[in-house]
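There are 4 protein chains.
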Amino acid sequence: MRKNYLYFHDKFRTGEEHVHPVEKILLEQRTHYQFIQLVESPVFEKMLIIDGDVQSTLRDEYIYHEALVHPAMLLSSNPEIVVILGGGEGATLREVLKHKSLVKALMIDIDKDATDIAKEYLNEWHKGSFDDKRSVLISADARVFIEREVSNDSIDTVISDLTEPFEGGPSYKLFTKEFYEVLYNKLKDDGVLALQSSLLRVTDYRMHSTIRHTLQKVFPIVRSYLTYIPSFDTTWSFIIASKKGDPLSLTKEKIDELIANKITGEVKFYDGTTHISMFSIPKDIRSLLSLETDIITDESPVCILRKENL
Amino acid sequence: MRKNYLYFHDKFRTGEEHVHPVEKILLEQRTHYQFIQLVESPVFEKMLIIDGDVQSTLRDEYIYHEALVHPAMLLSSNPEIVVILGGGEGATLREVLKHKSLVKALMIDIDKDATDIAKEYLNEWHKGSFDDKRSVLISADARVFIEREVSNDSIDTVISDLTEPFEGGPSYKLFTKEFYEVLYNKLKDDGVLALQSSLLRVTDYRMHSTIRHTLQKVFPIVRSYLTYIPSFDTTWSFIIASKKGDPLSLTKEKIDELIANKITGEVKFYDGTTHISMFSIPKDIRSLLSLETDIITDESPVCILRKENL
Amino acid sequence: MRKNYLYFHDKFRTGEEHVHPVEKILLEQRTHYQFIQLVESPVFEKMLIIDGDVQSTLRDEYIYHEALVHPAMLLSSNPEIVVILGGGEGATLREVLKHKSLVKALMIDIDKDATDIAKEYLNEWHKGSFDDKRSVLISADARVFIEREVSNDSIDTVISDLTEPFEGGPSYKLFTKEFYEVLYNKLKDDGVLALQSSLLRVTDYRMHSTIRHTLQKVFPIVRSYLTYIPSFDTTWSFIIASKKGDPLSLTKEKIDELIANKITGEVKFYDGTTHISMFSIPKDIRSLLSLETDIITDESPVCILRKENL
Amino acid sequence: MRKNYLYFHDKFRTGEEHVHPVEKILLEQRTHYQFIQLVESPVFEKMLIIDGDVQSTLRDEYIYHEALVHPAMLLSSNPEIVVILGGGEGATLREVLKHKSLVKALMIDIDKDATDIAKEYLNEWHKGSFDDKRSVLISADARVFIEREVSNDSIDTVISDLTEPFEGGPSYKLFTKEFYEVLYNKLKDDGVLALQSSLLRVTDYRMHSTIRHTLQKVFPIVRSYLTYIPSFDTTWSFIIASKKGDPLSLTKEKIDELIANKITGEVKFYDGTTHISMFSIPKDIRSLLSLETDIITDESPVCILRKENL
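Residue numbers (my numbering), protein chains in the order written: chain A, 366 to 675; chain B, 366 to 675; chain C, 366 to 675; chain D, 366 to 675.
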């Protein structure tokens with residue numbers, strides 16, 4: 366049997382490391398914005414690693430991408446125009462395209478090299494989604510593009526699938542109150558914004574809680590939700606920020622009915638029970654979230670948060 | 366600042382390792398049954414490690430122990446007689462003692478050295494619970510003791526807080542259909558059994574699913590639930606097996622009311638919303654659980670399962 | 366600056382591991398006989414790893430290859446016919462070709478895929494040596510080829526650059542008393558055999574001492590020598606077994622004179638002082654070597670030695 | 366069999382790590398100057414670790430301590446007064462006491478807590494040497510003490526067994542040209558100074574070469590020597606700086622004769638052949654040492670060298 370000699374070390378700010386055997390290096394490429402590695406793991410199959418962080422793996426990426434996309438899109442009535450911020454692998458786009466009402470999915474990712482890599486090497490992620498007639502891929506700074514090119518009240522759903530807003534990183538100005546105000550204005554009256562919002566567990570919650578608190582200054586309804594991602598070894602959080610609809614008002618049965626009526630293709634993780642599970646935040650986490658006072662603004666864009674003292 | 370030089374390597378059957386910095390070794394002791402280490406971690410504070418597996422940590426043990434005890438005890442009407450199987454640290458006992466109706470908590474742990482260590486060094490876990498007048502600690506093989514010394518229809522709740530049933534380990538015969546039948550008979554008509562039932566995630570689910578399937582042969586109501594434990598880096602599972610009551614029938618509001626009426630002292634993790642969260646198993650996991658066909662019996666006690674090919 | 370996320374774990378039988386950052390995977394290929402990896406290390410530049418063991422690195426391969434070749438070839442009077450056993454990278458061949466007297470270097474390596482890889486990717490090792498008119502590369506089992514195709518009393522120097530003789534490995538029958546007798550017969554009257562003979566340090570010496578002891582049953586003069594190889598993190602041993610010449614009889618000055626007269630091209634590591642250093646075995650090691658009683662034969666080819674209990 | 370769960374990570378400035386299993390923590394103590402750990406390793410038995418660096422182990426400490434003491438003391442004619450700088454474990458003192466001519470061994474170590482720990486816990490190292498009537502232990506800054514309390518021309522041999530002179534560390538001012546001038550003056554006409562002088566290998570040589578070059582500005586004879594220490598996984602260097610005697614002038618036979626006449630008790634590593642081995646520096650290392658131009662002075666005490674860019 367093949368023994369493993371190479372390992373990916375997933376290093377945490379706390380000094381802890383998760384060591385994953387690597388059977389094969391499929392790709393290593395440095396783009397202008399990030400360092401991309403695609404490796405083969407005996408446990409998680411293909412792993413996509415960006416700047417040393419596990420981004421998603423073939424074994425469990427469906428959890429992340431279904432969790433990010435479907436709650437928001439089912440909360441929008443019949444979403445026709447959807448904007449994806451980031452979303453390099455194309456798997457977020459893949460899930461968006463499953464919605465029958467969709468007319469146009471605009472994916473705006475700053476890193477053209479990364480999306481080119483995705484097109485060529487990550488077919489198992491995007492499943493050809495970039496070639497769907499409803500898909501439009503824009504290589505641009507999402508904030509600049511949206512501010513200049515998108516009309517007010519024109520978007521049904523925004524899905525923010527960005528890397529975390531560390532100083533100097535490409536997502537730096539896409540997590541601020543000012544940008545959320547821009548998104549608010551571009552969204553229709555019943556528009557919904559969904560975001561990936563960092564890991565969330567009792568030992569690590571500040572990144573999530575500041576994003577959440579910032580959104581609360583802009584949107585009337587802001588709901589955290591979370592689920593466990595095996596390849597991240599942690600619970601991961603998402604947020605729905607909406608103008609009208611509230612994901613907490615949807616019953617298990619209603620979700621199952623919506624899925625049956627509005628989605629085509631397989632949904633492996635998300636259903637009514639999963640929805641209830643994700644939006645039911647345990648008491649200890651809720652207590653921590655309620656304490657947050659910081660707000661992320663253009664002027665203090667990462668709100669003094671750096672990876673080291675997250 | 367103190368740099369770390371010593372590390373605890375939490376090794377997984379898959380070849381993956383989680384490496385935790387260790388600031389101090391507080392205790393190392395080999396008992397007849399297990400190797401016990403108590404170390405100081407910068408992230409998780411004191412960590413109790415048994416035979417190389419993280420057992421519980423001061424930082425997050427409340428999640429595990431509240432999840433194990435309260436759903437079952439609130440499902441029993443007014444539990445007076447509770448039996449704890451295993452439970453070395455004394456934290457399961459601590460949670461049991463919070464229930465106002467309790468008359469007697471019988472904790473049966475085979476490893477007297479381990480419970481002696483707990484009494485002396487783990488006060489932060491048990492908080493003096495061994496000295497409570499309602500507590501009785503028995504050092505014995507739980508199966509032998511229960512079969513011989515406990516009358517039928519006499520127990521309200523059984524809490525199984527055992528290490529996993531690996532071959533040759535002390536818990537080996539405490540996870541079989543035959544033992545569950547014994548417990549069924551010892552429980553009152555509305556009796557409830559709660560168990561810790563190993564890690565549960567899409568990449569590792571067989572230990573849980575075989576325990577669950579075995580219980581389904583004995584108890585009319587069997588419900589899996591799960592929550593994320595940060596120091597385990599994974600979701601952990603529990604099962605409620607009951608003669609009458611069904612935890613799925615309890616609403617969020619009912620749970621909050623029961624907690625207010627029946628529990629004294631602080632509950633940090635468990636409440637109505639947490640209950641809903643834990644008992645709502647995501648779709649992908651539910652699919653996997655439904656496939657199980659194995660049953661654990663005295664004759665094939667670990668049902669061919671060994672740690673390596675779990 | 367580039368951070369490292371991938372690591373090569375060099376695992377020792379003792380449970381110790383040396384963890385080397387890896388900046389790039391240049392090549393990974395499984396041949397019929399072995400698993401070959403070529404990676405880029407920030408410290409050792411290109412590292413050649415075979416079956417999880419560091420074979421040689423660009424940064425320090427000259428130490429190993431000069432140590433293996435030059436003492437034996439300078440001890441032979443004017444070596445014309447040299448046989449290399451193994452020697453995949455071509456760097457042993459490179460050093461052999463530096464000797465002015467050389468007429469023909471016969472390199473016999475069983476793994477054609479490995480030497481093809483060397484030809485294509487390891488130019489920095491072999492420096493075109495495979496194309497030298499004096500080089501002949503034979504892809505064959507060295508023992509079978511030498512027994513059948515090589516005349517007695519025909520070889521000046523044999524350089525054994527084989528991987529270690531673990532059971533089932535390709536070098537299994539190339540470290541036995543019977544094979545050494547074959548080599549003895551094929552060597553001229555003043556012929557010399559040099560071997561790489563595993564790591565040698567007070568904590569790990571049995572592989573060396575059994576090879577040495579076996580050779581002592583066949584050759585009148587057997588001399589151990591050793592030097593430190595940085596990328597191996599240990600001292601590595603070699604043996605000269607000869608019919609007449611004794612490396613201990615050569616002075617520092619004589620070696621320097623021989624190098625000046627008989628070698629063309631640069632020699633970075635080996636000179637008179639280095640020779641004295643390598644052949645002066647510290648007292649504690651000498652004591653251990655003197656205790657050996659095992660002999661490796663065709664019938665007990667690895668003399669019960671396996672990597673685990675070396 | 367006992368499995369290992371705790372590991373000591375020996376971290377190198379290059380990003381490499383050597384991971385040693387640890388079976389038991391025997392001692393952990395922070396003194397005013399350093400963090401001391403004594404652990405049990407399956408390979409090296411007891412390991413003494415100071416500030417995260419392996420200091421010495423029971424399995425191989427004799428190599429280091431014999432190499433440090435005996436060449437210098439045998440080079441002094443009949444050393445009566447010997448000064449040890451540092452030397453916490455007491456093993457350097459143990460070797461000094463083996464010399465028949467010795468009248469007084471003055472050990473000056475700044476860290477009283479560390480020598481107290483040594484007295485209590487490291488008997489296997491010092492073997493009661495602190496109780497020998499010839500031993501005097503001074504807890505003081507060695508430089509201040511020697512400058513003020515020691516007469517000129519009064520010492521036969523100085524053995525410098527100090528931790529490395531990193532900025533802010535306790536040995537900071539004990540590796541400078543000015544201090545070496547002090548030592549020169551305190552030594553008798555045929556006095557000898559021996560120092561441990563850091564690791565020395567082609568990938569890491571600057572610490573050694575700057576110490577060596579600094580000594581060359583003060584002493585007429587300066588000789589580097591080196592040997593492999595298994596628990597350090599590297600060759601380690603020493604220097605003899607002397608007023609008259611030259612270790613290179615001693616033959617193998619002369620060393621063996623001196624050992625027989627002047628030393629009582631067992632010497633396991635050092636003898637004539639070992640002496641020749643240690644003082645024969647390979648050609649590649651000699652080339653590197655010859656390039657050094659830096660000098661360590663009180664004003665630039667670590668000569669811009671920090672552990673990170675050694």
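Calculated from the structure, these hints are not laboratory results.
There could be a bad hint or two in this list.
[Said to hold, decoys possible] Derived pair list, reagent style SDA-like, types lysine to any residue, alpha-carbon separation capped at 25 Å:
{"no.": "1", "chain 1": "A", "residue 1": "Lys553", "chain 2": "A", "residue 2": "Ile503"}
{"no.": "2", "chain 1": "B", "residue 1": "Lys389", "chain 2": "A", "residue 2": "Phe377"}
{"no.": "3", "chain 1": "C", "residue 1": "Lys376", "chain 2": "D", "residue 2": "Gly380"}
{"no.": "4", "chain 1": "B", "residue 1": "Lys376", "chain 2": "D", "residue 2": "Lys633"}
{"no.": "5", "chain 1": "D", "residue 1": "Lys582", "chain 2": "D", "residue 2": "Phe597"}
{"no.": "6", "chain 1": "C", "residue 1": "Lys619", "chain 2": "D", "residue 2": "Phe377"}
{"no.": "7", "chain 1": "B", "residue 1": "Lys465", "chain 2": "B", "residue 2": "Lys619"}
{"no.": "8", "chain 1": "B", "residue 1": "Lys648", "chain 2": "A", "residue 2": "Ile390"}
{"no.": "9", "chain 1": "D", "residue 1": "Lys633", "chain 2": "C", "residue 2": "Ser655"}
{"no.": "10", "chain 1": "A", "residue 1": "Lys389", "chain 2": "C", "residue 2": "Leu656"}
{"no.": "11", "chain 1": "D", "residue 1": "Lys633", "chain 2": "C", "residue 2": "Leu656"}
{"no.": "12", "chain 1": "B", "residue 1": "Lys617", "chain 2": "B", "residue 2": "Lys389"}
{"no.": "13", "chain 1": "B", "residue 1": "Lys389", "chain 2": "A", "residue 2": "Ile594"}
{"no.": "14", "chain 1": "B", "residue 1": "Lys633", "chain 2": "A", "residue 2": "Ile594"}
{"no.": "15", "chain 1": "C", "residue 1": "Lys619", "chain 2": "D", "residue 2": "Leu613"}
{"no.": "16", "chain 1": "D", "residue 1": "Lys389", "chain 2": "B", "residue 2": "Lys465"}
{"no.": "17", "chain 1": "B", "residue 1": "Lys617", "chain 2": "A", "residue 2": "Ile503"}
{"no.": "18", "chain 1": "A", "residue 1": "Lys411", "chain 2": "C", "residue 2": "Gln394"}
{"no.": "19", "chain 1": "B", "residue 1": "Lys376", "chain 2": "D", "residue 2": "Leu613"}
[Unchecked claim] Listed next, the stretches of chain D that the computed footprint assigns to chain C, with coverage defined by at least 3 CB atoms under 8 Å from CB atoms of chain C:
{"no.": "20", "stretch": "371–384"}
{"no.": "21", "stretch": "510–516"}
{"no.": "22", "stretch": "574–587"}
No experiment lies behind these values; they were computed from the predicted model shown.
Ideal Cβ placement from N, Cα and C applies to all residues, glycine included.
Checked hints:
With a C-alpha separation of about 21 Å, the suggested pair Lys553 of chain A and Ile503 of chain A falls inside the 25 Å cut-off, and the hint holds. Annotation: proposed proximity of Lys389 of chain B to Phe377 of chain A holds, straight-line Cα distance about 20 Å (limit 25 Å). Restraint check for Lys376 of chain C and Gly380 of chain D: the C-alpha separation of about 17 Å stays at or below 25 Å, so the hint holds. A hinted pair counts as satisfied when its Cα atoms are at most 25 Å apart, and Lys376 of chain B with Lys633 of chain D does not qualify at roughly 40 Å.
A hinted pair counts as satisfied when its Cα atoms are at most 25 Å apart, and Lys582 of chain D with Phe597 of chain D does not qualify at roughly 30 Å. Taking the CA atoms of Lys619 of chain C and Phe377 of chain D, the gap is near 40 Å; set against the 25 Å cutoff, the hint is violated. Only pairs whose Cα atoms come within 25 Å are accepted, and Lys465 of chain B paired with Lys619 of chain B is accepted, the gap being roughly 17 Å. The hinted pair formed by Lys648 of chain B and Ile390 of chain A fails the criterion: a straight-line CA distance of about 32 Å is larger than 25 Å.
The hinted pair formed by Lys633 of chain D and Ser655 of chain C meets the criterion: a straight-line CA distance of about 14 Å does not exceed 25 Å. The hinted pair formed by Lys389 of chain A and Leu656 of chain C fails the criterion: a straight-line CA distance of about 44 Å is larger than 25 Å. At most 25 Å may separate the alpha-carbon atoms for a hinted pair to count; Lys633 of chain D and Leu656 of chain C meet this at roughly 15 Å. A distance of roughly 42 Å separates the Cα atoms of Lys617 of chain B and Lys389 of chain B; the hinted pair therefore is violated under the 25 Å criterion.
Taken as a hint, the Lys389 of chain B and Ile594 of chain A pair is broken in the structure, with Cα atoms around 31 Å apart against an allowance of 25 Å. With a C-alpha separation of about 24 Å, the suggested pair Lys633 of chain B and Ile594 of chain A falls inside the 25 Å cut-off, and the hint holds. For the proposed pair Lys619 of chain C and Leu613 of chain D, the alpha carbon gap of about 18 Å is at most 25 Å, so the pair holds. Between the alpha carbons of Lys389 of chain D and Lys465 of chain B the distance comes to roughly 44 Å, so the proposed pair goes past 25 Å and is violated.
Restraint check for Lys617 of chain B and Ile503 of chain A: not satisfied, since their Cα atoms lie roughly 45 Å apart, outside the 25 Å limit. Restraint check: the Cα-Cα separation between Lys411 of chain A and Gln394 of chain C comes to about 19 Å, which is no more than 25 Å; the hinted pair holds. Distance check on the hinted pair: Lys376 of chain B and Leu613 of chain D sit about 52 Å apart at the alpha-carbon level, beyond 25 Å; violated. Under the rule that three or more residues need a Cβ within less than 8 Å of chain C, the assignment of the stretch 371–384 of chain D holds, with 6 such residues.
Interface restraint, the stretch 510–516 of chain D with chain C: violated (0 residues with C-beta to C-beta distance below 8 Å; minimum three). Counting residues of the stretch 574–587 of chain D whose beta-carbon sits less than 8 Å from any beta-carbon of chain C gives 0, not enough to reach three: the coverage restraint is violated.
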